[in-house]
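Student: Respectively, the protein sequence lines represent chains R and F. Counting the first sequence from 1 gives a position; this note's numbering is that position plus 393. Counting the second sequence from 1 gives a position; this note's numbering is that position plus 393.
Hints listed in this document are in silico derivations from the structure and should not be mistaken for laboratory results. Incorrect hints may have been included.
As the list claims (entries may be wrong) - Label-pair ranges, simulated between beta-carbon atoms:
1) A415/F - A490/R: 21 to 31 Å
2) E583/F - A415/R: 36 to 46 Å
3) R459/F - R418/R: 51 to 61 Å
4) P638/R - A550/F: 27 to 37 Å
5) A624/F - P604/R: 33 to 43 Å
Think of the CB as a built atom: it goes at the ideal place given N, C-alpha and C, for glycine as much as any other residue.
2 protein chains.
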Amino acid sequence: MSAADRPLLSNPRSERVKQVAALGRRAARERSGTFLVEGPQAVRELLGYAASAARALYLTATAEERHAEIADVALAAGVPIWTCTEEVLAAMADTGAPQGMVAVADRVDAPLPDVLDAIGDGDTVVVLTHVRDPGNAGTVLRGASAFGAAAVLVSDASVDVYNPKVVRSTVGALFHLPVSIGIPVAELLEACRERGIRLLAADGSGSTPLPDADLSGTHAWVMGNEAWGLAPEVLDGCDQVVSIPIARAESLNLAMAATVCLHASAATRASRARR
Amino acid sequence: MSAADRPLLSNPRSERVKQVAALGRRAARERSGTFLVEGPQAVRELLGYAASAARALYLTATAEERHAEIADVALAAGVPIWTCTEEVLAAMADTGAPQGMVAVADRVDAPLPDVLDAIGDGDTVVVLTHVRDPGNAGTVLRGASAFGAAAVLVSDASVDVYNPKVVRSTVGALFHLPVSIGIPVAELLEACRERGIRLLAADGSGSTPLPDADLSGTHAWVMGNEAWGLAPEVLDGCDQVVSIPIARAESLNLAMAATVCLHASAATRASRARR
């Protein structure tokens with residue numbers, strides 16, 4: 394159905410618009426099992442890597458003109474498309490500027506055993522515990538994807554990865570990465586140990602400087618909250634506590650620390666592959 | 394003068410409040426040569442590392458109780474302190490949550506020749522060109538400080554480093570680092586070359602992967618805009634174009650790329666120091 398034949402959503406107070414807008418709230422996301430994907434870049438990644446999760450695409454006529462290829466991919470994948478007025482789009486979106494396009498998608502996380510099964514020998518995993526800041530959490534997911542991590546495991550006491558701010562910060566990484574969420578920290582650590590995954594706590598208090606950390610085998614980076622600190626029981630449960638040598642205390646945020654650790658793991662894997 | 398003896402600023406529409414609030418705008422900052430420092434952490438760094446630049450401290454009674462040591466340091470440094478109502482503080486601040494405290498400070502950048510004079514043998518420098526996103530720019534400054542860079546040089550076509558969003562993202566790094574701003578890119582590159590500083594462009598298109606880059610001598614990381622790209626004339630002016638090996642194209646933002654590059658430089662300096 395071409396854009397001209399589609400009905401136009403023009404009432405920002407309609408039930409459908411309210412249901413989409415409600416996905417800005419965690420309760421509505423959990424009830425429906427769906428979440429908001431905002432902006433052309435994230436929608437493109439959704440359709441490219443997890444098209445079967447896409448439930449609906451909402452876009453303005455202007456956005457469709459500018460990103461015709463996105464509507465084409467959605468059509469080919471059988472995703473229902475709705476043309477919206479600017480006002481309707483703004484009412485649906487969580488962010489001020491979704492560039493005329495939002496999608497609704499089914500959750501893309503997987504059960505912990507499935508995600509663990511996908512982890513291969515020598516792989517890098519990320520474990521997020523008590524991470525509360527959406528931007529930091531999203532950037533860690535983005536870094537995990539950029540540096541080829543095999544999976545991200547998110548503890549139950551962390552920010553919802555389907556929070557629109559997290560989704561925005563991942564810039565599509567959520568659709569590339571095996572992700573498992575909502576597991577108690579102790580259970581996550583135990584599951585990793587059982588699979589022979591070495592647990593490396595990333596923490597400013599660590600006694601092992603990053604250059605001395607052993608990144609050669611299958612390992613998980615265990616990351617804590619924004620102050621870049623981990624709870625004592627989490628630190629105790631890890632095999633090594635690793636710190637990044639810095640010029641001033643507390644001068645890295647979680648996203649920066651994670652970026653450095655994940656890059657180090659990727660560099661180690663790459664140098665091993667060359668040997 | 395103790396808090397009880399100080400006059401209370403209670404009129405959010407007063408001339409003084411308007412003048413402080415105006416510092417959210419570039420024109421007012423340039424006219425006055427001052428900028429806003431928001432929140433206890435940033436104010437603490439201002440008073441600890443650049444107290445002579447502090448012009449005034451505004452705080453609520455609650456914030457003064459919670460951070461008595463900050464008011465003490467300001468008093469000792471002769472910085473005028475004003476107690477404000479919550480309403481006045483909110484009217485002054487650019488951010489929604491400055492935790493009851495803002496300061497006004499004189500610009501802390503220095504002339505380019507002075508900053509260049511402070512660069513020692515083997516040091517790392519950051520050159521920012523056409524960086525527009527305040528959060529990215531601030532995080533790069535934060536990373537430069539964390540990883541012991543000797544200076545940051547900001548081109549004229551970049552975001553204002555005194556933009557409150559940049560200042561917030563630096564988390565005080567602005568007060569630790571020699572910074573020079575507003576210089577045309579070509580002039581910045583030429584000045585570095587004259588001093589024998591090798592110019593390393595950080596760019597996704599680079600033919601030298603980071604592990605192969607020579608970080609041993611005095612060098613500058615030349616960083617471009619948010620899409621992590623540099624203008625052709627900037628690339629041409631650099632000695633080497635370095636890329637970070639990643640699993641997917643365009644999966645790092647500027648702040649992440651800068652963090653990785655600056656960490657690599659710091660690690661190289663550290664390993665040289667150990668030899």
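Student: Check the structure against each numbered hint from earlier and tell me which ones fail, lowest number first.
Tutor: 2, 3
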